[in-house]
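Each chain is listed here by its residues.
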Amino acid sequence: MTTIVLERQPLQSAFTIAPEREQTNTILQLTNIAKSYDHKSMVLNDINLSLQEGEFVSIIGQSGAGKSTLLRCINRMIEPSNGKIIFDQQDITSINKRAMRQQRAKMGMIFQHYNLVSRLTVFENVLHGRFGYKSTMQGVLSIYTEEEKRLALSILEKLDMKDQIYKRCDQLSGGQKQRVGIARALVQEPKLLLCDEPIASLDPNSSKVIMDHLKEISQSMGITVLVNLHQVDVAMRYSDRIIGLRKGEKVFDDIPKQLNQLAIRNIYGTSVDELITE
Amino acid sequence: MHVSPLETNVKVRNGRIQITNMTKANIVMRLVLWALLLFTLIGPFFLDYGTITWSTAISLTLGNLKMMFLEPAFHQITFATALKQISMTLALAFLATILGAVLSFFLAIFSAKNLAPSMVSNGIIAFNSFIRAVPTVLWVLIFAIVAGLGAIACVLGMMLHTIAYLTKAFAESFEELEEGTIEALRASGANWWHIVWHAVVPQSSSYMVSWIFLRFETNYGVAVAMGAAAAAGGIGFELFMASSFYYDLHEVGMITYCALIVAIILELVSLRIKRKLMAKS
Amino acid sequence: MTEANILRRKKWRMTGVMIVLIVLTYGSAAITKFNIIEGLFAIPSTLAWMINNLVPSAETIENIPKVLKRLWETIILSVIASTTAAVFALLFAILGAQTTQFNRFFGFVARFMASIFRNVPVIAWALVLVISFGHNVVTGYFALFFSTFGFLVRMFIETIDEASSDGVEALMATGATYFQMVCKGVLPDTMPQMLSWIFYMIETNIRSATLVGLLTGTGIGYLFDLYYKKLDYNMLGLITIMIIAVVFIIEFTSNKVRKVIS
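Chains as they are written, first to last, in UniProt numbering: chain B, 1 to 278; chain R, 1 to 281; chain C, 1 to 262.
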């Protein structure tokens, strides 16, 4: 396993987003978001949330609390039943498919099961992140500019995956696959990274590598990172802010220090000791 | 020329960075696709079309299809006869399936790699691929020479293909039994039959039932065809009579609908079974 | 409920299933007038008969070119029916699969149409087409095409739904268009499996073509029927052996290809 040396510097100059940490802008504003599949039980209920540029925010809660649904409501992979989404100073709640495509290009997404096209090479999978900026034909015929390819290469290099670029994705380990997933999201040059349980299928070592990368991305590139996690300790170690979800409702929203026994019991209905020994 | 460190170990062709490499799998897949395309384009020129007047043939076909599907009606036979013949076809399919399944079970035990010596196993596999290579209709006709045209030839012919199919399916599910389980049983003094009855059968019984039903669905379709091609009776035979003897396309349509409804019901059931199977594994 | 109870219930259920099956078997045997004992004894006697009679003789060898010509016709029919059906089946499967359908209604229509095509008996197609197209290869082609199309749609849909839902979600999240998603997210992962189904269909169609040929007077099926009625068992032996050879060759190639591309 290769060890990761973390460098606290911007990934590379091709990125247009300059990390100006002084003046923080709101990148995402959710107002009264609700979701119900059957018009009876609410999966999400009246969620209000605002994310600042470069912030690292974790969402914790039991499985079934609505974490995944919330994440997918943000890029409208799941249509919220109610509420308003403002992303990058634009109301995207009810914009049409085409406009939404362009907005999705600015939000990277990372999945628990990596969601790679397993028979394609690492390089191809990473470049899929450029589809949002391309015409249908360009995408179908795999026409990428040299600049885009270099961008992909530099990201893969930072993620220590440069030697694997021509490998098929089904030949990679879980940790490597997730790094390809991250690279695909970064190649989008996103303003927001949505991570759905990124380490739930990984061993502790790979998990640390992935979390370190995500933290690094938010700090040095000014990309806002929103992570669903089920490990409270991981959330506390990495996050600037933690959101607690319980049965579709936001029950906690504060810095990690404030997440005490009581708060955890409120989110999970159980104490933290039981959670860790679980 | 200066190569930036970024481009070390990166394939560049004509000044463009390559995003994929040609693996054997990719090359073979492309070759196969091209070969199929070429064959499809050239193949039709080798065929002897005789004398067809395309325009009349096509308009005639459309007219026939309209008579068949939009104006179905019974003339020579009644709905009751059709029902009786469908149950006959189902019965033929059922017999072929159930007899085939019983024989397949024993053959599968001897062809599963973890239960039988490889010589026996390979022998059975070879025998099965021989059975599969001969079309069902030929088997039925060959059986008919000895046993006479009718139910026996039809059931036996279909049974052979059922055996070839189910033996493979059963053996594969037997082979999924973990080596450790067998070893543990053997260590506890169980003999070979004990292992089969107490470890192999309980674990694969639900799989076997599913496979048997899936095959039953296929056999229903085959039984319809055999009724027509090998005069084995059932709904297929009525279909043959209506079209080739009476030239009554309205009736062909009605019979087709009857056969179709049963087939779709069977398909829906087997689809459900398949989903259940997939959810389990 | 205790473990023992569950086991006992399972045992009862198995016994119940057994009884139902036995009753059904006897019922079916009664309907079809099938004598199980007599039937099973017919197998060894038929195999013995085959070994003694179904052998090509010296004269039949001269007929090899004639058989080859018909066999060639059958092969071409099987391949082009499979490939052309596959093209249409792919379109319908993309419309019909859960992961790629862009509209529930169209998805349903695509699946329904395919279901009709595969469940109308092949012989119904053959019998109707033969009335207008006569004893002609075109009859055989369309009969095979319709049933192959229906079957491949079903198999392709299963392939798409099993292999690619993850990649599809990721591509949609990057802002990819529908066609980008299908071409780059679905096809790469499903192509080998689909090719494998096409090969399977070619192999199956060789056998079905024999059946269709029998009914429509084309290809190898016609030839078999001809000598069957003449009771020329030597020729039947030759034809059977040659069919086996062709199926083996196709099976062998498709296994090789499958191994490499998977």
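Simulated from the structure, these hints should not be mistaken for laboratory data.
Do not take every clue at face value.
[What the hints assert, rightly or not] If you want the footprint, here are the derived chain B segments under chain R, 3+ residues with CB under 8 Å: (1) 236-245; (2) 253-264.
[Said to hold, decoys possible] In silico lysine-lysine, DSS-like type, Cα no more than 27 Å apart, as pairs: (3) C:K256 <-> R:K24; (4) C:K259 <-> R:K168; (5) C:K256 <-> R:K276; (6) R:K274 <-> C:K10.
Cβ atoms here follow ideal geometry from the backbone N, Cα and C, with glycine treated the same way.
*Which of the numbered hints are not met once you compare them with the structure shown?*
1, 2, 5
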